[in-house]
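Student: The residues making up each chain are set out below.
Protein chains: 6
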Amino acid sequence: MSMNNLGIVKRNIVRADKAAVDKLSRFGVATIHEAMGRVGLMKPYMRPIYAGAHMAGTAVTVLLHPGDNWMMHVVAEQLQPGDVVVAAITADNCDGFFGDLLATSFMARGARALIIDAGARDVAELTKMGFPVWSKGISAKGTIKATLGSVNIPVVCAGAQVNPGDVVVADDDGVVVVPAAVAQQAADAAEAREANEGEKRAKLAAGVLGLDMYKMREPLEKAGLKYID
Amino acid sequence: MSMNNLGIVKRNIVRADKAAVDKLSRFGVATIHEAMGRVGLMKPYMRPIYAGAHMAGTAVTVLLHPGDNWMMHVVAEQLQPGDVVVAAITADNCDGFFGDLLATSFMARGARALIIDAGARDVAELTKMGFPVWSKGISAKGTIKATLGSVNIPVVCAGAQVNPGDVVVADDDGVVVVPAAVAQQAADAAEAREANEGEKRAKLAAGVLGLDMYKMREPLEKAGLKYID
Amino acid sequence: MSMNNLGIVKRNIVRADKAAVDKLSRFGVATIHEAMGRVGLMKPYMRPIYAGAHMAGTAVTVLLHPGDNWMMHVVAEQLQPGDVVVAAITADNCDGFFGDLLATSFMARGARALIIDAGARDVAELTKMGFPVWSKGISAKGTIKATLGSVNIPVVCAGAQVNPGDVVVADDDGVVVVPAAVAQQAADAAEAREANEGEKRAKLAAGVLGLDMYKMREPLEKAGLKYID
Amino acid sequence: MSMNNLGIVKRNIVRADKAAVDKLSRFGVATIHEAMGRVGLMKPYMRPIYAGAHMAGTAVTVLLHPGDNWMMHVVAEQLQPGDVVVAAITADNCDGFFGDLLATSFMARGARALIIDAGARDVAELTKMGFPVWSKGISAKGTIKATLGSVNIPVVCAGAQVNPGDVVVADDDGVVVVPAAVAQQAADAAEAREANEGEKRAKLAAGVLGLDMYKMREPLEKAGLKYID
Amino acid sequence: MSMNNLGIVKRNIVRADKAAVDKLSRFGVATIHEAMGRVGLMKPYMRPIYAGAHMAGTAVTVLLHPGDNWMMHVVAEQLQPGDVVVAAITADNCDGFFGDLLATSFMARGARALIIDAGARDVAELTKMGFPVWSKGISAKGTIKATLGSVNIPVVCAGAQVNPGDVVVADDDGVVVVPAAVAQQAADAAEAREANEGEKRAKLAAGVLGLDMYKMREPLEKAGLKYID
Amino acid sequence: MSMNNLGIVKRNIVRADKAAVDKLSRFGVATIHEAMGRVGLMKPYMRPIYAGAHMAGTAVTVLLHPGDNWMMHVVAEQLQPGDVVVAAITADNCDGFFGDLLATSFMARGARALIIDAGARDVAELTKMGFPVWSKGISAKGTIKATLGSVNIPVVCAGAQVNPGDVVVADDDGVVVVPAAVAQQAADAAEAREANEGEKRAKLAAGVLGLDMYKMREPLEKAGLKYID
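Chains as they are written, first to last, in this note's numbering: chain A, 1 to 229; chain B, 1 to 229; chain C, 1 to 229; chain D, 1 to 229; chain E, 1 to 229; chain F, 1 to 229.
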């Protein structure tokens, strides 16, 4: 067993079930995160480069070194339609690892988005191309191509564990990771929750209070809540 | 006198005069802040979830604990048309305390916005609904309902003191608090300043320099300013 | 020789060649930064107040003190059509040094933008006026007019050295500084790079991998990259 | 009623009872904060300039503008033995508002410490003098003396409301504010808690688990905790 | 398969070999990190609460919710001599989850340290007790005991994946995680590197340049390095 | 003229006058910064790795790329007794570029300190060796040796312009840069200020108020300061 996985490209990965990914793509990040029991979120500093993007895909992971995007070209070859690239960095760094050329290549391979715990650039072009990126920041700073990283090993990206083949869903609220093994289960739970939410929304819009709808008055009183005038 | 105000809901608060709020709603945050003598601003990390929102309302305050949004349902019942909810947290935390369901409830009660020193979520839906939120961040992270906070006690939100009934004005520049007792006076001062600004704007657009319009040349020379070639 | 340059306004500066500035205005910040050998970028915290702005101009510099925008009126008089104001601050500060009145004055003088290592305000108005600002933040906090700074001295703005007359290019990716003496050379290099990029983009869009286009397979293998299944 | 309190020095303030301050000085910040019901803490970015300082005093407040420490000399005159200066700033700023000369003056007046939501300097000298400062940062950056602030008005410092005469306690864990009206009550509650803690500490040191001492096993099981092997 | 692991306590974990842990304890974090191929480091914001601490132990992990330290008492029961508690939080939060009472309990069970991606308090007492903590910050803010987390599940702490039983080494440079399966191999590699370093250190101290010792002159020249006068 | 200075080592630089450096070494950073007219400070995030260090030396500059410390070995050869290495990075990065081996080499060449706008490691050893480092952070993260930077070109380090040969003074308050051409003048001004401060300190210690010593009462009254009871 080696002490690290640097310099390795795993070609065959088991991607989450396509039907489950498609179903998950109908729900927002907050709904899925709740449906899973409030786990799997990346840190809130991960923001989309443009508003309104919403995406679900299967993770192809890449581990990069700060200031070095060599492996981005290696990961391109491993992409299949419906994939999303999840890029982790071995240290804090916000250089612009990704721009419109790489996006062109990723789109040609069928990739849906990039999730990167670092910076991106060519933001105006990426917006025009409709290739969404969720990143820690935006920076025009270029990178070199000198050090080996790895492709399709488990990575920690923005505080979340991502295994190759996991489902990644991202929207204006952030990024959530759904392990491949529970993708269908999470999609079903999200669907149930969403249905449930529609009903609640209608009641609340009609003026019913959450206090009554959720039957909170008694537990609040028990906890000691006091009303004064 | 109790040492803390946790677990209290004050039902009757004195809201700032409606006419003063309406008048204040015609002016931007920067203008009001200047008109008041440069006080009352929240920290600049408070940002709107979408561009172009502009709102004035009367504060209904809520004090929450990190990761716990139970009191959000308690505060809903205290809302009247024209109110804005101001949510302070007892510790630094950026979880998503607020989403589209609570927004539906708040809107049904006539609330105009939420100002929260923490995170919000369901940003895409909130944008579609036109319910503006000014927050410290955006996060899909869910919260629990386990601990009592309070409603309509004085709070410190993003560095600013807010008393229930105060006027809160928010736009793309940030959030300013106008104590209820000086709302009319602040609105008048903002109006005077705005009128004054229109005239200045016309002069500056015509090419008159601020140096001359504000008669700065002499004080600058006195302060020692030197022109060289 | 004085120990500092505070209180000085230099009237005559040598601006970069207009043709070079015009040519540079055709290229993005990332392209120019790469064409120059990856130097000249400001820190990535410098962000445009609205998306889609793209600007190239000749730098008129101003050094300000925290919370004091007096020199903004002094710098206005030194502006010529095609200039961009580059404002450095002597300490970390994010107050709103600049709003719509100053923007009106700057536009009347023909200025194209403001780059400021501090805050701006009146963001909604500036967006309507189409006057772009790249700044460290947005804040309604007002400033005083009490302390001398200087105009058209060399400054360090957001980590980059800027001399009066240098070319500054800014877009959604950030801000890059091109020394006046190499403006034409940088423009030519950016043009060459851009042409080159068009060809690459076409190949990548057609599905050619960067691995093959850049002939990376051999050096990657030499560096020890291993493919596993 | 004026819209702001700038330019005012309140000479007569009601200081918290000396016996209560003395008693509070025997307890740590965490203990007092807990005894008060978990309120009154300043933000955790407030750090002592040297380890091991522990101080309780009555607050004399000062509101300053960014980069301007003029009012520090005004506040000095209002100090009495046992006071602590609490300095708030009207905007985010980390300049060095305070150094060894002001500390000499404050010490000569009997002040015990400075709490400042900005920067301090002359840290090596202050350490030798044994004059503790809790601040947002350390910076050698000097300040001007040009703008009026106020002395002994209510301020918000590092997120906490401080009224003149309140007790402020600070140690390696941070800074807590105790309203004058509840100082004795808070001191008694802290004493009770501390006594209680001594007993708990002995039990835990002897190997008793918190699970048993606090009778947590049943509520944990009820909440659904499961042990697996 | 459940979608999350909340509410689970795993009692039997396989700890890394004691001899390997002991050997690893002889080396610094930087040396071990290099020996492993530059992987396994936690983010650099993790800092010791006092200088000079150096510790190696076997990880017992705990996953907590923001503002809730209930599971700290659950984890205490699972500790064995030589363990170190690694605490991850499900969201960004810097409250004071840990103080001298819990430290007394952990020490009584033989634990060597706490690594927590949040805040700690009672820092003065912990320093006197000699119980080291590496944390994201220091805060007196208390926590509640209301929500279930888990013990001895894999966690992501400060950006690093930690499995129960892994070796954690921490010193003034930060925190590194060594997977249990490679502990002996890492210890051997660190030993080899350290021996090697002693020799290098002697040469460098005698004035030999790294340029010559590492034979860098030729590759630097090849890369294009130019010396000018 | 080349567009960038990467890959250049300048061997002959003009160092500031030794007598001026020695004289400057007697004064603190705050005093020198004030004596120069409040310019030349690095950003306040630059902190010493241990308390109590105080150093003055002549700058030998190095420009590095993120995650790459190759040029650290190149700069070692250019060091002379009394020098201080000032390391700038072309992008934000906090890896550990420097440890005890490089420190051994730098000390053998007579260097007095390292100032680096990035991270350092082996902090415990550096403290024992008495080799002070002022840095943006501490990180065990290792670096590669793959990309050319430059030595002895003008750099911007932590927001301050540094030319080779300039004097750099650093202590617990931060880091200040004194241009070589004004070193003697700055030292004299610092001496005058210090003498002046001794007298002031004695008066303040005797209870004289700054209000009287600096004759501030009249200007404060003119500015509108009001005393109330």
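Keep in mind that the hints were calculated from the coordinates and are not lab data.
What you are looking at is a predicted structure, and each value in this text was computed from that prediction instead of being measured.
C-beta atoms are modelled at their ideal positions from N, C-alpha and C, and glycine is treated no differently.
Watch out, some of these pointers could steer you wrong.
EDC-like, lysine to aspartate or glutamate: derived pairs with alpha carbons at most 20 angstroms apart [unchecked claim]:
1. D:Lys10 / F:Glu221
2. D:Lys128 / F:Glu199
3. D:Lys203 / E:Glu77
4. B:Lys10 / B:Glu77
5. D:Lys226 / E:Glu221
6. A:Lys23 / A:Asp212
Covered by chain F, according to a simulated footprint, are these stretches of chain D (three or more residues, beta-carbon under 8 angstroms) [said to hold, decoys possible]:
7. 3-12
8. 97-104
9. 117-125
10. 137-145
11. 187-200
Student: Each hint needs a verdict: does it hold in this structure or not?
Tutor: Verification of the supplied hints:
1. Straight-line distance between C-alpha atoms of lysine 10 of chain D and glutamate 221 of chain F comes to about 15 angstroms, which keeps the hinted pair within the 20 angstroms bound.
2. With a C-alpha separation of about 19 angstroms, the suggested pair lysine 128 of chain D and glutamate 199 of chain F falls inside the 20 angstroms cut-off, and the hint holds.
3. Only pairs whose Cα atoms come within 20 angstroms are accepted, and lysine 203 of chain D paired with glutamate 77 of chain E is accepted, the gap being roughly 14 angstroms.
4. Taken as a hint, the lysine 10 of chain B and glutamate 77 of chain B pair is honoured in the structure, with Cα atoms around 11 angstroms apart against an allowance of 20 angstroms.
5. Of the pairs offered as hints, the one joining lysine 226 of chain D and glutamate 221 of chain E is violated, with about 64 angstroms between alpha carbons and a cut-off of 20 angstroms exceeded.
6. Between the alpha carbons of lysine 23 of chain A and aspartate 212 of chain A the distance comes to roughly 32 angstroms, so the proposed pair goes past 20 angstroms and is violated.
7. Residues of the segment 3-12 of chain D with a Cβ under 8 angstroms from some Cβ of chain F number 6, which satisfies the need for three, so the listed coverage holds.
8. Judged by the Cβ-Cβ criterion of 8 angstroms, the segment 97-104 of chain D is covered by chain F as claimed, because 5 of its residues qualify and three suffice.
9. Closer than 8 angstroms: that is the beta-carbon criterion, and the segment 117-125 of chain D has 6 residues meeting it against chain F, so the requirement of 3 holds.
10. Counting residues of the segment 137-145 of chain D whose CB lies closer than 8 angstroms to any CB of chain F gives 7, so the stated coverage by that chain holds, three being the minimum.
11. Taking a C-beta to C-beta cut-off of 8 angstroms, the segment 187-200 of chain D contributes 0 residues in contact with chain F, too few for the three needed, and the coverage statement is violated.
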